[in-house]
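Position 72, counted from 1, in the sequence shown is what this note's numbering calls 128; the numbers after and before it change by one each time, with no gaps.
For the record, the hints were derived by calculation from the structure and aren't laboratory data.
Remember, it's a predicted structure, so these values are computed and weren't measured experimentally.
Hints are supplied without guarantee of correctness; some may be wrong.
To be verified - 35 Å max Cα-Cα, derived DSBU-like pairs, lysine-lysine: (1) Lys161 with Lys105; (2) Lys58 with Lys161; (3) Lys81 with Lys58; (4) Lys58 with Lys105; (5) Lys161 with Lys91; (6) Lys105 with Lys153; (7) Lys161 with Lys60; (8) Lys60 with Lys153; (9) Lys81 with Lys153; (10) Lys58 with Lys153; (11) Lys81 with Lys91; (12) Lys91 with Lys105; (13) Lys161 with Lys81; (14) Lys91 with Lys153; (15) Lys91 with Lys58; (16) Lys81 with Lys60; (17) Lys60 with Lys105; (18) Lys105 with Lys81; (19) Lys60 with Lys91.
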Amino acid sequence: MKIKNTCNSEHYIWGERCDGWHLLKSDALSIIQEKMPPNTEESLHFHSKAQQFFYILSGTATFEVDDEIYSVEEGNGFHIQPNEIHRIFNRTANDLKFIVISQPKSHGDRTNL
């Protein structure tokens, strides 16, 4: 199947009630659509091989990267290099929806802190 969306993709739950859908799942490349409810956050971690690009579909994301805080609004992207210690927050009252692209895949390449 070539057309992928949240209705026909593999779904999983992560973090504090957050949703993810694998739009493309291969060893070389991962594309996931994710949704974070209000006032949720991911745990601090890093990937030793994978770089990641987050594109914000709706809402405002807050990223912590190497002790710096960044706010990324809808329609903007954010790049994380391998070995950068990071996490994402939704500090708003609305759902945060975004696409995260990892190259190579980040699953199996994550160290939680």
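Violated hints, by number in ascending order, as checked against the structure: none
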